Amino acid sequence: MIHYLTAHRLAEMMGKGEISAREVVGLHLERIEELDQHLGAYITVEKDRALASAREADEKRRRGEKLSPLSGIPMALKDNICTEGIPTTCASKILDNFIPPYSADVYERLQRAGCVLIGKANLDEFAMGSSTENSAFKITRNPWDEKRVPGGSSGGSAAAVAAGMAVFALGSDTGGSIRQPSAMCGVVGMKPTYGRVSRYGLVAFASSLDQIGPITRDVRDCALVLNHICGHDRRDSTSVDVEVPDFEKGLEQGIKGMRIGIPSEYFGEGIDRGVKERVEEAIKVLENLGAVCDEVSLPHTEYALPAYYIISSAEASSNLARYDGIRYGRRAEGYSDLVDMFVRTRSDGFGREVKRRIMLGTYALSSGYYDAYYKKAQQVRTLIKEDFDRVFEGCDIIVGPTTPTVAFRAGEKTDDPLQMYLSDVYTIPVNIAGLPALSVPCGFSEGLPVGLQFIGKPFAESTLLRAAYAYEQSTGFHKMHPQAKEASRDEI
Amino acid sequence: MKYETVIGLEIHAELATETKIFCGCTTRFGGEENTHCCPVCLGMPGVLPVLNRKVVEYAVKAGLATNCKINRFSKLDRKNYFYPDLPKAYQISQYDLPLCKEGYLEIKGDFGSKRIGITRIHIEEDAGKLLHDAEDGSTLVDYNRGGVPLIEIVSEPDMRSAEEARLYAEKIKSILEYTGVSDCRMQEGSLRFDVNLSVRPEGSSGLGTRTEIKNLNSFRALVNAIENESARQVKVLESGGEVVQETRKWDDVTGKNTSLRSKEEAHDYRYFPDPDLVPVVLDEEYIDRIKRELPELPDVRSRRYVEEWGLPEYDAGVITASLPLASFFEECVKEYGGDPKAVSNWVMGELMRMLNEKGIEADGIPFPATHLAGLLRLVDDGTISGSAAKRVFTEMFETGEQPKVLVERLGLSQISDEKVLTEVIKRVMDKNPKSVEDYRSGATKAMGFLVGQTMKETRGKANPALVNKILKQLLDE
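Residue numbers (the working numbering), protein chains in the order written: chain A, 1 to 492; chain B, 1001 to 1477.
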């Protein structure tokens, strides 16, 4: 079961010469060939390029060069992360022919670490969605139950890691797009503090909320990947120049005496019983590990979702205006004049959800409505931040569910956007406040993975990782993997 | 009824930075199409803007030089609209918190002195340029100019005539040049004017409906457009009509003033703070440093010329209005060492005449200031006469050569050798005994004839002052 091994375990094995990067990458490519036609996690698979970089990694090892623990490790990048010379589509028709002449900061960093890009992962178009059903190209199935969605928008990234088609992946998280699919696919996913990871080369959805983060098979891998993607980047003005600690250090220090806040608002109406029970069990585990858990209140939680849909849609309406068919991407044919060209290009090029958000955002920013919507939403944002600030005066981290439900059935919520939006109700406040948070598997409900969310103070990723590691090591849910069943394939 | 015109100006100036406002591309004018571009100024997916510090510095400089208050906290906003020359489909500009606000300038004219208020100065990025192919009807875009930093200087509606507007615009131009904030190359479009104009019955204090005339890029166009639009509005009102609030276009070549779009068609720019950029926070130390670094501004320099060098106020005003002209003048005065007024006479006279005649700006004077100083000295030491100096000047303007060389080539040097002149004069006296006799018997005007004969004998090269002196001596002997 090589394909379910973690990066740190593979690094150990490669270090001892038990396996080569070429073999690891080859096995993952085979796995993709075997499963992905069905799972739909990848938009692009870079077979030749991946094998070449794997050989290069092996060659460097043979020469005795100093290698990072991620050297030779196959990874997937969400297809809204720019990769020089490799298509970057954002799962949108409007960019289906786009090959960027530059790379995202995170990709450059991971290349320097020797990681092997195995492919570009599917997502909801421009990362707008919670089920990966909004991709213009294909849907992605949940490896635990192929009738279910993997969550979204980083559904391809989470499914690839869960199904053993990549050792780790990067996603982007604007309102939960890393944590929610990670929870639904039973893997570890982290959204770092806003400004911790450069957004340079991440195709913007909502600039003030977007953050890139890792999706991994365990907490240690999460720390390892973080070690390589964090850091100040002068190309991103919102990237913060703070020291990047070694996130792997201190993982094993335990959580004795750690003060954990349990927000009552995260256990109210709308949460599945199974999810609630798993999370309550997890809180007991944390207490048994020596943490002090207390109920806390984040009173403005219910306003986070509407504020989020105004802010994110407003920013998106502006960020996506550049796709006009003039310079790159797809241009519609048969237009009669300039305005007609804009209208046709954008009408044909964008999917329904993207158009919905553009219209929402355009409306919210329009003169006469700005104060009632955008400005009000920004005021709510301040209140939500203050909620967290207040709670963090009395505790070190906050713990709760990542999502209100387990993975839902494909097609179940596609006609009811509001229901779909509610899937992110516990993750959105974190983006609004710019905080770090991670989701770890905490058991199953209806045979599907449940995610436990850890929320931290700004730049306190190390504390989150320490708590999540302690929890993970004492439970072992990360060692459970979906059965990629031949049988289920016939059913669908 | 008599009408009064009310004018406010929005002036866009390209800043003299090396690189663009949000990326490292060059701001150099021209170049092959789309070669001064990168993913950032082309607004490609995923790239981010990073504010050029120099842009903030220049804008603050412009603000301090125009008596503005500097906002300690300011931010950048997105102005959203679709147009092919705007790669991101939004322009990064400043909406409600500009870098500078509440300044003013003094203008001087026949009406005396007048203060024009400056509402605000903000920074923003320029757009690209559309190129229309008349042959096949296609349109291409050149993004070289896209992302070049601009400041927009917005005035209060304080001007009442085309003349005032021109004086104000010229004052802005000279301040931007003095501070080095912009090179103000008008022919390259680095200084452009938008006019807001309304008319009202004289004596009334309310404001009429205004129109906006966009993108005027010369002082001539500014004056013509204002006069034309002002007359048009008066005509509309006098024929019982109403002025429509709209944006208009002025074509300086055809003199046509046409409607571009009405208020109803006006864009809703949906301004909001750019989340890709962080607010600009300035501290006192920073502002003080820029204040200290401000050069001497035109008004101060003009006063210095009047008070220290005795120049007429008008001359001082004209010379200091243009930084290159003032610099030329000052260098010339320094090099010459004589009376600055003599230099000013040449600058205001011959130099300005030639510049106007050739249509050359003061930064294109085809010879160095040292040449003019040299020319003045040649006159002072009697090597050439004043009228010869004018010939040398014209030639100097054409060729850029040293005045000494030109005097030589044109054979203009005067005979100032007393011995030589004494001989010539003695010869002339010998040839004209009658005139000598006349003079000596009291008809002093006969001397004029003898001077003329001496000049003729020397083919005009004799130093007239010396001729007079020597002749008088000889006659009075």
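Keep in mind the hints are simulated off the structure, nothing from the lab.
Mixed in with the good hints there might be a few duds.
As the list claims (entries may be wrong) - Think about it this way: if two alpha-carbon atoms lie no more than 35 angstroms apart in a straight line, the pair counts; the simulated DSBU-like pairs of lysine-lysine are:
#: 1; chain 1: B; residue 1: Lys1108; chain 2: A; residue 2: Lys355
#: 2; chain 1: A; residue 1: Lys457; chain 2: B; residue 2: Lys1075
#: 3; chain 1: A; residue 1: Lys284; chain 2: A; residue 2: Lys138
#: 4; chain 1: A; residue 1: Lys385; chain 2: B; residue 2: Lys1469
#: 5; chain 1: B; residue 1: Lys1129; chain 2: A; residue 2: Lys385
#: 6; chain 1: A; residue 1: Lys375; chain 2: B; residue 2: Lys1108
#: 7; chain 1: B; residue 1: Lys1075; chain 2: A; residue 2: Lys376
#: 8; chain 1: B; residue 1: Lys1129; chain 2: A; residue 2: Lys457
#: 9; chain 1: A; residue 1: Lys375; chain 2: A; residue 2: Lys256
#: 10; chain 1: B; residue 1: Lys1108; chain 2: B; residue 2: Lys1069
#: 11; chain 1: B; residue 1: Lys1419; chain 2: A; residue 2: Lys376
#: 12; chain 1: A; residue 1: Lys355; chain 2: B; residue 2: Lys1101
#: 13; chain 1: A; residue 1: Lys479; chain 2: A; residue 2: Lys256
#: 14; chain 1: B; residue 1: Lys1079; chain 2: A; residue 2: Lys355
Source: prediction; values computed, not measured.
- Query: Out of the numbered hints, which ones does the structure contradict?
  - Reply: 1, 3, 4, 5, 6, 8, 9, 11, 12
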